[in-house]
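Undergrad: Hey, can you work out the whole structure from these sequences and the hints?
Number of protein chains: 2
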Amino acid sequence: MTEFFNVLAPDDARELLLRHITPLTDSETVATADALGRVTAVVTYAPQPLPTFRRSTMDGYAVRAGDTFGASTSLPAFLDVTGEVPMGRAADIILDKGQAALVHTGGMIPETADAVVQVELTQIIGAGIVNPPYEIEVFKAVAPGENVLQIGEDVALEEEMLPAGHILRPQDLGGLLALGITEIAVMRPPRVAILATGDEVISPDRDTGPGQIRDINSYTTAGQVTAAGGRPLTLGIVPDDLQALRDAAHKAMAEADMLVMSAGSSVSFRDMTAQVIAELGEPGVLFHGVATRPGKPTIGGVANGKPVIGLPGNPVSAMVQFDMLGRPAVHRLLGLAQPAMRGLVWATLTSNVASASGREDYVPARLEKTAEGYQATPVFGKSNLIYTLVNADGLMKIPLNKGGLLAGELVEVRLF
Amino acid sequence: MTEFFNVLAPDDARELLLRHITPLTDSETVATADALGRVTAVVTYAPQPLPTFRRSTMDGYAVRAGDTFGASTSLPAFLDVTGEVPMGRAADIILDKGQAALVHTGGMIPETADAVVQVELTQIIGAGIVNPPYEIEVFKAVAPGENVLQIGEDVALEEEMLPAGHILRPQDLGGLLALGITEIAVMRPPRVAILATGDEVISPDRDTGPGQIRDINSYTTAGQVTAAGGRPLTLGIVPDDLQALRDAAHKAMAEADMLVMSAGSSVSFRDMTAQVIAELGEPGVLFHGVATRPGKPTIGGVANGKPVIGLPGNPVSAMVQFDMLGRPAVHRLLGLAQPAMRGLVWATLTSNVASASGREDYVPARLEKTAEGYQATPVFGKSNLIYTLVNADGLMKIPLNKGGLLAGELVEVRLF
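Quick mapping for you: the protein sequence lines, in order, are chains X and B. According to the numbering used here, the stretch in the first sequence is residues 1 to 416, in order. According to the numbering used here, the stretch in the second sequence is residues 417 to 832, in order.
Bear in mind the hints are in silico, worked out from the structure with no lab data behind them. One or more of the hints may lead you astray.
Claimed, not checked - In silico DSBU-like links for lysine-lysine, alpha-carbon gap of 30 Å or less:
1) Lys397(X) with Lys813(B)
2) Lys296(X) with Lys556(B)
3) Lys818(B) with Lys785(B)
4) Lys798(B) with Lys97(X)
5) Lys296(X) with Lys402(X)
6) Lys140(X) with Lys818(B)
7) Lys798(B) with Lys140(X)
8) Lys818(B) with Lys798(B)
9) Lys712(B) with Lys140(X)
10) Lys785(B) with Lys813(B)
11) Lys785(B) with Lys397(X)
12) Lys369(X) with Lys382(X)
13) Lys556(B) with Lys382(X)
14) Lys798(B) with Lys813(B)
15) Lys798(B) with Lys785(B)
16) Lys785(B) with Lys369(X)
17) Lys402(X) with Lys369(X)
18) Lys785(B) with Lys296(X)
19) Lys397(X) with Lys382(X)
20) Lys712(B) with Lys667(B)
21) Lys818(B) with Lys369(X)
22) Lys97(X) with Lys140(X)
23) Lys397(X) with Lys369(X)
24) Lys513(B) with Lys382(X)
25) Lys513(B) with Lys556(B)
26) Lys402(X) with Lys382(X)
27) Lys296(X) with Lys382(X)
28) Lys798(B) with Lys712(B)
29) Lys556(B) with Lys402(X)
30) Lys369(X) with Lys813(B)
31) Lys251(X) with Lys296(X)
32) Lys785(B) with Lys402(X)
33) Lys296(X) with Lys397(X)
34) Lys813(B) with Lys712(B)
35) Lys712(B) with Lys369(X)
36) Lys712(B) with Lys818(B)
TA: This is the structure we're talking about:
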């Protein structure tokens with residue numbers, strides 16, 4: 001299978017993979033209040049404007065702005081306050097010239113008013129008077145529209161509120177519910193089947209014998225799938241046997257939208273994984289190696305629109321590569337309109353880090369907040385050591401054409 | 417209640433609030449595989465070293481390093497390969513001087529070997545020979561320990577693996593399971609009661625009449641609570657009535673670990689909220705205003721160790737203030753060992769943003785990725801407009817003592 005051995009630059013590998021993936025088309029309707037983190041399946045247009053009535057942004061008096069023109073501390077305008085607009089009710093007071101109505105923040109403005117004077121710029125004439133009717137002095141002019149939220153100022157009727165392929169955040173839920181949209185069509189989470197392979201790999205609930213290790217990758221990958229918005233299906237451990245892997249992979253693909261195999265790292269296991277991917281469907285293997293460290297022996301393919309990724313067995317390599325390739329693949333299945341934003345922190349590097357040009361390196365780093373900002377300390381260790389990631393807060397990227405990083409340099413750390 | 421009106425700088429307000437909160441002490445035991453995002457309740461020490469046996473990091477030959485000393489392409493060392501170590505089994509081959517054993521990546525190293533020569537630096541003598549025994553030429557010397565993972569190199573026996581108060585990430589689950597830790601004690605998620613107040617506020621499933629608006633804050637806050645690791649209890653809408661708010665707040669505090677009230681923004685409602693907080697327990701109201709925009713009229717208090725926050729009614733103010741005060745309060749209840757890292761993006765500002773000195777401003781910003789990096793465009797709008805947040809990717813912070821930001825400046829955007 002060595003004819004497949006083409007190593008791509010990481011960006012090229014990702015683009016090639018994403019281009020062949022067919023986004024899911026099935027959506028489900030859920031309560032908006034429960035839709036945090038889900039991805040919108042359709043564009044939402046505003047069924048009504050927001051706000052639906054003109055609202056005051058201040059505690060004060062609804063006025064006809066013209067009545068306040070020229071008002072100042074030395075020469076106030078005098079207005080008759082004829083009543084109060086209660087919260088949550090229609091403002092049915094009709095203002096004649098020289099009249100005003102007491103309004104609260106968020107209250108409705110009478111139809112005949114066009115501005116609000118904030119209460120701090122007025123004074124009631126007459127000691128001890130609390131409830132209208134009373135007369136006030138206004139010490140500052142207001143322009144028409146001042147301190148008033150106009151109808152549709154937040155969202156206009158029929159305006160596109162949310163695009164399809166958008167990850168719903170708390171404010172999106174609030175925005176939808178403000179318009180009475182209590183249910184929303186969201187994408188079904190992609191089912192991501194996860195297979196671990198290796199004669200030496202056993203389930204975490206078993207005791208290890210000589211030469212045996214417990215399965216790590218099924219669980220780190222499952223966590224990453226969940227965080228990316230997919231639903232992990234951990235299907236267990238397959239021995240190093242072509243037919244067993246083939247059977248397990250075909251079964252997984254029948255029920256899942258994506259398959260991640262964490263393969264042994266040796267050449268023969270890689271070839272086996274590549275062969276199985278090639279047999280699963282068209283176009284099969286797209287690349288057989290990525291110019292990164294860790295994770296060079298990663299295999300990427302697509303079978304009939306479904307992504308299939310063969311991750312290296314080393315847990316650090318597997319996590320880094322899932323982040324680089326698997327996460328965007330899940331997002332493509334979900335139909336995300338744009339790549340999800342990543343949390344980054346810029347930090348000052350505390351020690352030199354070597355790299356080789358022509359390779360993109362990801363080095364686990366621990367962050368510390370100091371008075372001068374963040375400091376990043378590389379966590380060195382072989383890519384078999386899961387605790388290099390446990391002890392790190394994120395990954396530093398050393399770009400493809402850079403020979404390394406120097407202590408004191410400002411580096412970008414991608415948060416986990 | 418105006419004697420309570422003390423406005424604090426945001427950092428001071430947060431510190432004062434956090435200092436009075438009593439972290440929860442109750443934990444629960446969950447399956448490690450299901451513990452993503454949960455917070456550890458105890459320190460975990462390694463019950464065994466990792467790895468438990470010496471493993472090869474390469475496909476190649478386990479050797480006695482001394483047998484390869486001086487080997488080079490022109491003067492190779494000759495070794496007898498007596499057998500193969502199968503994956504997942506004990507390496508019971510005994511190597512005499514001049515002997516080697518075929519090993520795979522991750523395989524066990526025989527006790528008598530101390531290094532591995534990678535297969536690419538060797539050649540089998542004799543055409544067509546595949547299975548040991550055979551003789552090899554070794555073209556490069558290896559040092560003792562080379563290409564071998566030592567016992568405990570990942571984690572040593574009894575080493576502290578994870579501290580208490582740590583948010584579990586995918587790699588942490590993998591690290592625990594690698595050691596056979598299939599269950600873990602995690603903190604019970606804090607129950608955060610959420611009350612909306614206001615005569616004008618109605619449930620999102622109802623049609624709005626004149627002057628009425630649908631409840632937004634209960635749902636944006638609930639989403640933020642969930643994202644912070646808490647469990648929201650949305651308790652509905654309370655009318656603008658002191659006794660009704662008092663009753664609802666007492667009932668909420670009986671079943672919750674924290675209370676968030678989204679109060680009306682007018683002075684009288686704020687005073688009502690402050691009065692109720694003062695009555696809930698000691699020390700009561702800690703601050704009555706924060707020097708930020710939006711969100712100045714935020715009230716913070718603690719009642720018998722439980723945080724109580726009175727958020728402004730404006731949805732943008734409420735979200736920003738929950739982020740500044742509510743999220744750290746949830747984290748304090750969870751006993752987080754250190755403040756949770758925030759996702760930040762540095763971006764070039766596309767237009768000027770004004771601010772007032774002595775106030776910390778948070779301006780919603782939309783991010784766009786360009787070839788030169790991210791660009792941040794402020795989303796202007798009154799703090800009553802939820803869609804300023806829907807249309808934004810994060811918040812730009814304008815520090816307390818800065819009069820504003822200029823187009824072209826590099827700004828820090830906190831991702832939502």
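Undergrad: Please write out, lowest number first, the hints stated earlier that are contradicted by the structure.
TA: none
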